[in-house]
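Chemist: What follows is the residue order along each chain.
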Amino acid sequence: EADIYQTPRYLVIGTGKKITLECSQTMGHDKMYWYQQDPGMELHLIHYSYGVNSTEKGDLSSESTVSRIRTEHFPLTLESARPSHTSQYLCASSRTSGNTIYFGEGSWLTVV
Amino acid sequence: QKEVEQDPGPLSVPEGAIVSLNCTYSNSAFQYFMWYRQYSRKGPELLMYTYSSGNKEDGRFTAQVDKSSKYISLFIRDSQPSDSATYLCAMTYNNAGNMLTFGGGTRLMVKP
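Chains A and B are the protein sequences, given in the same order.
Going left to right, the first sequence walks through residues 72 to 183 as this note's numbering numbers them.
Going left to right, the second sequence walks through residues 90 to 201 as this note's numbering numbers them.
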């Protein structure tokens with residue numbers, strides 16, 4: 072069973088607010104990812120990291136930013152939330168040499 | 090054209106039916122194939138992992154890969170209402186930690 076945790080699970084926030092979605096994993100995985108998924112739609116990779124101090128943008132352009140100061144922690148920040156940011160955000164991690172990605176349970180963000 | 094195509098469904102079957110879920114792909118370099126199951130408002134969880142062509146069985150689930158046709162399948166025997174979920178296929182080139190390419194997912198509903 073994967074040990075990857077996301078908080079908050081559900082968040083309703085007003086337009087213009089700054090939010091941070093937290094993600095932590097206890098498996099010692101070097102690689103971590105953020106995916107965005109609208110209900111019933113595909114997964115889109117928005118950020119990934121190969122390790123501490125490494126961050127890259129994914130396939131889908133996103134106004135969010137990420138940081139990787141510690142191996143186990145990969146938070147995602149939106150400086151000014153907009154209704155278009157309403158979505159599910161999934162954090163994931165994997166070993167450096169492995170293919171299997173382990174997902175957290177997701178953070179559902181609604182911007183009103 | 091997407092690299093990995095998957096019928097979004099929904100696929101509705103009666104309890105006890107044999108279910109066949111499929112993905113087609115265009116990149117012949119893909120060697121490793123995975124199936125993830127995603128329950129509503131949860132993150133995807135790894136269900137099956139296969140390498141190259143052939144079959145792999147795990148309980149009621151069988152994963153099948155036909156590289157010559159660029160076609161993979163997931164069969165579910167004796168389907169249960171608890172199998173109702175979205176099933177995503179994923180694939181990659183090697184075991185060196187490359188990014189996964191996901192299908193869009195097929196929503197399955199098993200009716201009691």
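Read the hints as simulated data drawn from the structure, not as lab findings.
Just so you know, not all the hints are guaranteed correct.
Keeping only pairs whose Cα atoms sit at most 20 Å apart, straight-line, the calculated EDC-like set for lysine to aspartate or glutamate is [unchecked claim]:
(1) B:K131 with A:E134
(2) B:K131 with A:E176
(3) B:K91 with A:E93
(4) B:K91 with A:D109
(5) B:K131 with A:E127
Derived CB-CB ranges, DEER-like [what the hints assert, rightly or not]:
(6) A:G85 with B:Q90: 39 to 45 Å
(7) A:G111 with B:Y160: 21 to 27 Å
(8) A:S125 with B:S115: 35 to 41 Å
(9) B:R149 with A:V123: 21 to 27 Å
(10) A:Y121 with B:P97: 28 to 34 Å
This structure is a prediction, so every number in the text was calculated from the model and none was measured.
Even glycine gets a Cβ: it sits at the ideal position worked out from N, Cα and C.
Chemist: Do the beta carbons of G111 of chain A and Y160 of chain B sit within 21 to 27 Å of each other?
Modeler: 24 Å, holds
Chemist: Going straight from one Cα to the other, do K131 of chain B and E127 of chain A come out at no more than 20 Å?
Modeler: 25 Å, violated
Chemist: Holds or violated: 39 to 45 Å for the Cβ distance of G85 of chain A and Q90 of chain B?
Modeler: 40 Å, holds
Chemist: Given the hint of 35 to 41 Å, is the C-beta distance from S125 of chain A to S115 of chain B inside that range or not?
Modeler: 30 Å, violated
Chemist: CB of R149 of chain B to CB of V123 of chain A, is that within 21 to 27 Å?
Modeler: Cβ of R149 of chain B to Cβ of V123 of chain A: about 41 Å, so the range 21 to 27 Å is violated.
Chemist: Check the hint pairing K91 of chain B with E93 of chain A against an upper bound of 20 Å on the C-alpha distance.
Modeler: 31 Å, violated
Chemist: Between the beta carbons of Y121 of chain A and P97 of chain B, is the distance compatible with 28 to 34 Å?
Modeler: 32 Å, holds
Chemist: Are K91 of chain B and D109 of chain A close enough, with their CA atoms no more than 20 Å apart?
Modeler: 18 Å, holds
Chemist: Is K131 of chain B close enough to E134 of chain A, meaning Cα to Cα at most 20 Å?
Modeler: 24 Å, violated
Chemist: Hey, K131 of chain B versus E176 of chain A, does the alpha-carbon distance stay inside 20 Å?
Modeler: Given pair K131 of chain B, E176 of chain A holds - Cα atoms ~5 Å apart, limit 20 Å.
The structure is inconsistent with the numbered hints 1, 3, 5, 8, 9, although it conforms to all the rest.
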